[in-house]
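Q: Each chain is listed here by its residues.
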Amino acid sequence: MIRRGFQLAARLGHHRGLLGDPRILPRLNPASAFGSSTDSMFSRFLPEKTDLKDDALPDASWCLNMLSLDQEFLEKTKSSGWIKLPSFKSNGDHIGLKLPSGLAVSSDKGDCRIFTRCIQVEGQGFEYVVFFQPSKKKSVCLFQPGPYLEGPPGFTHGGSLAAMMDETFSKTAFLAGEGLFTLSFNIRFKNLIPMSSLVVMDIEVEKIEDQKLYMSCLVHSRDQQTVYTKSSGVFLQLQLEEESPQ
Amino acid sequence: MEAVVTVTPRTCPLSCLLRFLLYFLRSFSSEEVILRDYSVPNPSWNKDLRLLFDQFMKKCEDGSWKRLPSYKRIPAEKIQDFKTHLLDPKLMKEEQMSQTQLFTRSFDDGLGFEYVMFYSDVEKRMVCLFQGGPYLEGPPGFVHGGAIATMIDTTVGMCALMAGGVVMTANLNINYKRPIPLCSAVTINSQLDKVEGRKFFVSCNVQSVDEKTLYSEATNAEVEANLGFVSGSSWLQIPNFQHQDSLPLRDDQHRSA
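The listed protein sequences correspond, in order, to chains R and P. Count the first sequence with my numbering and you get residues 1 to 246, in order. Count the second sequence with my numbering and you get residues 1 to 257, in order.
Don't take each hint at face value.
Stated by the list, open to error - The list that follows gives simulated cross-link-like pairs (lysine to any residue, SDA-like), each with its CA atoms no further than 20 Å apart:
1) P:Lys177 with P:Ser208
2) P:Lys72 with R:Val121
3) P:Lys177 with R:Ser184
4) P:Lys177 with R:Pro152
5) P:Lys59 with P:Pro41
6) R:Lys89 with P:Lys72
7) P:Lys177 with R:Ser232
8) P:Lys72 with R:Gln124
9) R:Lys89 with P:Leu111
10) R:Lys89 with P:Pro181
11) R:Lys89 with P:Phe107
12) R:Lys89 with P:Pro134
13) R:Lys89 with P:Asp108
14) R:Lys89 with R:Lys138
15) P:Lys177 with R:Asn65
16) R:Lys212 with P:Tyr215
17) R:Lys230 with R:Ser197
18) R:Lys212 with P:Gly110
19) P:Lys72 with R:Pro152
20) P:Lys47 with P:Lys177
21) P:Lys72 with R:Gln120
22) R:Lys212 with P:Arg178
23) R:Lys230 with P:Thr219
24) P:Lys72 with R:Pro194
25) R:Lys138 with R:Lys53
26) R:Lys212 with P:Asn175
27) R:Lys207 with P:Asn175
28) P:Lys177 with R:Asp210
29) R:Lys53 with P:Lys59
30) P:Lys72 with R:Gly123
31) P:Lys177 with R:Asn186
32) R:Lys230 with P:Asn175
33) P:Lys177 with R:Gln211
What the hints assert, rightly or not - Part of the chain R face toward chain P, derived, beta carbon under 7 Å:
34) Ala60
35) Leu64
36) Leu74
37) Arg113
38) Phe115
39) Leu149
40) His157
Hints were generated in silico from the structure; no laboratory data involved. Virtual Cβ for every residue (Gly too), placed ideally from N, Cα, C.
Please construct the entire structure, taking both the sequences and the accompanying hints into account.
A: Encoded structure:
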């Protein structure tokens, strides 16, 4: 399993504000690191064989709209260069990422879960699947918020929507250019999302500059008639380097 | 709840007993679980969080600060308030509402959001003491950016709500300075900056317990007046909301203040 096979250490860029580290650190050098090419990034992220549970698969709670749209995108994965991203319970399961010693914290917290997979009861929390198109650095997330994500009565909590957007941004940023930490996030809420309805999130990487990835997101209904939210996010790139296994 | 049993000359002891038992059992029903106040210490709270809690409880003694209780579900009268003021009731599915629960209270103790809010009416400040549990993970060992956004949204929302009734976020703008380690306590300080008609502008920062580290901050934003949306660094008061009979407004439809 790739997760067990690799231990990756992050080498920092010189973003002193985020890390508070007084040392001057090396600039990101895309040509040098083994892990910088998209192909190897993908091979780490998408294990060929795994017994980890993939939460991005249809279950009984998915509404008809979500099932049919999921099917449409699965067809695109066969012909138009789209990839369906698996979704495991923890980020560590995806790539076995190891943060640098100045930043890493001891992980004796027991069972950690990635926030958007925190509620494992079928249909109650975040039901979602993300499709990524590497050639255009675009993602689509099909999201159905469950009853445990309530904010205003009968509608989705703004924070859960923010979480879904941040999560999709972060996976897109990682695969498009080793983006790792959110630097800034701007959300304009336009309309409330009713519980258990399907929303579609279109995400695009607008540019990559100065070790930052700039992305935008539009959340709308399937028929595009209603816009729920517009948002933008900036992520910090962290260069990855492979360490030899112990 | 108090058990009150009235005995009239015609009441037989058996029916009194039955009524008392029924009352007693009801008090231990699921309603009790829903009415639990989550904004008090539980065993999962770390030392820093408890210390902060005690400090703020002291501030409450002279009445200048208030602790806000927090429940898994919004009480029925607040739901009615919301329904009266909001857009399209057709969108609200009645049958679902009984199964729903507030997002930030959808976790067992210590696993998700542990928080308590204190409010100062004089200063128009809302302070949230927050500890993020292992189910809120983003980068390994740190709190998910979306979880931080959730707590900022909740805090600025409550700050505006205290000032003026039914409100909703329209805009949220967050800068992340440092990642927050899981299971550490932070304070989220929000301040009502100004009110312009139905728009409330609130700013907010997230700091370490010793106030030496700034983790993130939320700055100004915009407002969507008609729908009763408020900027999520600004909140909106809608006392006489005229709701749209049609479906939610499309993005291309003009909304003016």
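Q: Does Gln211 (chain R) sit within 20 Å of Lys177 (chain P), going by the straight-line distance between their CA atoms?
A: Distance of about 15 Å is within 20 Å: holds.
Q: Is it true that the CA of Lys72 (chain P) sits at most 20 Å from the CA of Gln124 (chain R)?
A: Distance of about 14 Å is within 20 Å: holds.
Q: Does Tyr215 (chain P) sit within 20 Å of Lys212 (chain R), going by the straight-line distance between their CA atoms?
A: This hinted pair holds, its Cα atoms lying about 19 Å apart.
Q: Does Lys212 (chain R) pair with Asn175 (chain P) here, judged by a C-alpha cut-off of 20 Å?
A: holds, 14 Å
Q: Against chain P, with CB atoms and a cut of 7 Å, does the hint on Leu149 (chain R) hold up?
A: holds, 5 Å
Q: Hint check: Lys177 (chain P) vs Pro152 (chain R), CA-CA at most 20 Å. Holds or violated?
A: violated, 29 Å
Q: Lys89 (chain R) and Lys72 (chain P): Cα distance at most 20 Å?
A: Cα-Cα ~24 Å, so violated.
Q: Does the alpha-carbon distance linking Lys72 (chain P) and Pro152 (chain R) stay inside the 20 Å limit?
A: Holds, because 13 Å separates the two Cα atoms, which is no more than 20 Å.
Q: Are the Cα atoms of Lys72 (chain P) and Val121 (chain R) separated by 20 Å or less?
A: holds, 17 Å
Q: Are the Cα positions of Lys89 (chain R) and Lys138 (chain R) separated by 20 Å at most?
A: Given that 20 Å is the threshold and the Cα spacing comes to 23 Å, the pair is violated.
Q: Straight-line Cα separation of Lys177 (chain P) and Ser184 (chain R) no greater than 20 Å?
A: holds, 9 Å
Q: For the pair supplied as a hint, Lys72 (chain P) and Pro194 (chain R), is the alpha-carbon distance within the 20 Å limit?
A: holds, 19 Å
Of the numbered hints given earlier, the model fails hints 4, 6, 14, 15, 18, 20, 25, 29, 34, 35, 36; all others are met.
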